[in-house]
Amino acid sequence: DAKTTQPTSMDCAEGRAANLPCNHSTISGNEYVYWYRQIHSQGPQYIIHGLKNNETNEMASLIITEDRKSSTLILPHATLRDTAVYYCIVNIKTGNNNDMRFGAGTRLTVKP
Amino acid sequence: EAGVVQSPRYKIIEKKQPVAFWCNPISGHNTLYWYLQNLGQGPELLIRYENEEAVDDSQLPKDRFSAERLKGVDSTLKIQPAELGDSAVYLCASSRQQGWEQFFGPGTRLTVL
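Sequences listed follow chains S and W, in order.
Going by this note's numbering, the letters in the first sequence line up with residues 1 to 112, in that order.
Going by this note's numbering, the letters in the second sequence line up with residues 1001 to 1113, in that order.
In short, the hints are calculated from the structure, not lab data.
Just to be clear, a hint being listed does not mean it is correct.
Below, a list of computed lysine to any residue pairs in the SDA-like style, where the Cα atoms sit at most 25 Å apart [what the hints assert, rightly or not]:
#, chain 1, residue 1, chain 2, residue 2
1, W, Lys1015, W, Arg1109
2, S, Lys69, W, Gly1042
3, W, Lys1078, S, Arg101
4, S, Lys3, W, Asn1038
5, W, Lys1015, W, Val1073
Start from the sequences and build out the full structure, keeping to the hints where you can.
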């Protein structure tokens, strides 16, 4: 079973920020939060990951709560091409228990 | 840099037939993964290689599935014999090391009739 809970679907207006929540209340101290997305008929694409601190890259920002039990992926200016399924995953980074469990993800639809 | 290459992209076979999928990871990536993705669900890990060694194959149905990565580069996943329930997308991914970001190929869509 996936260790995260995400809404099944979300809509966002083009040009607005898309905020995708993820609950991971059983996260362990050595587990990172990863986000991937999957555009229709393509393989998943890595977006960002973090441990405790907020992270930002050219694609998105990741906000992790202080207790690390939830996080939010932010796409600052969503475009139609951001329509995809977004997966939030918690996983250790090294070791034999490394196991990326994707779950069903959130289907984000960006509308014109 | 070239991405992860998979072939074929689509495969249709009759049940009980064998099928093989091929994956060429990104050059220099030591870790290779095979995932299975059913319609409407996220990918599920089948097997993970560190170089040529399978370090996690606990989810691979070993009665009919096999995989190899003989020289620590490209890899083959085989199903013999295929069953109707094997219809899915088979994804290959690679990463520079375990725990680093994974790069996925486009997948092979298998249909078993």
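So, going through the hints one by one against the coordinates:
no., hint, result
1, W:Lys1015 to W:Arg1109, "holds (15 Å)"
2, S:Lys69 to W:Gly1042, "holds (21 Å)"
3, W:Lys1078 to S:Arg101, "holds (22 Å)"
4, S:Lys3 to W:Asn1038, "holds (19 Å)"
5, W:Lys1015 to W:Val1073, "violated (30 Å)"
The structure is inconsistent with hint 5 alone, although it conforms to all the rest.
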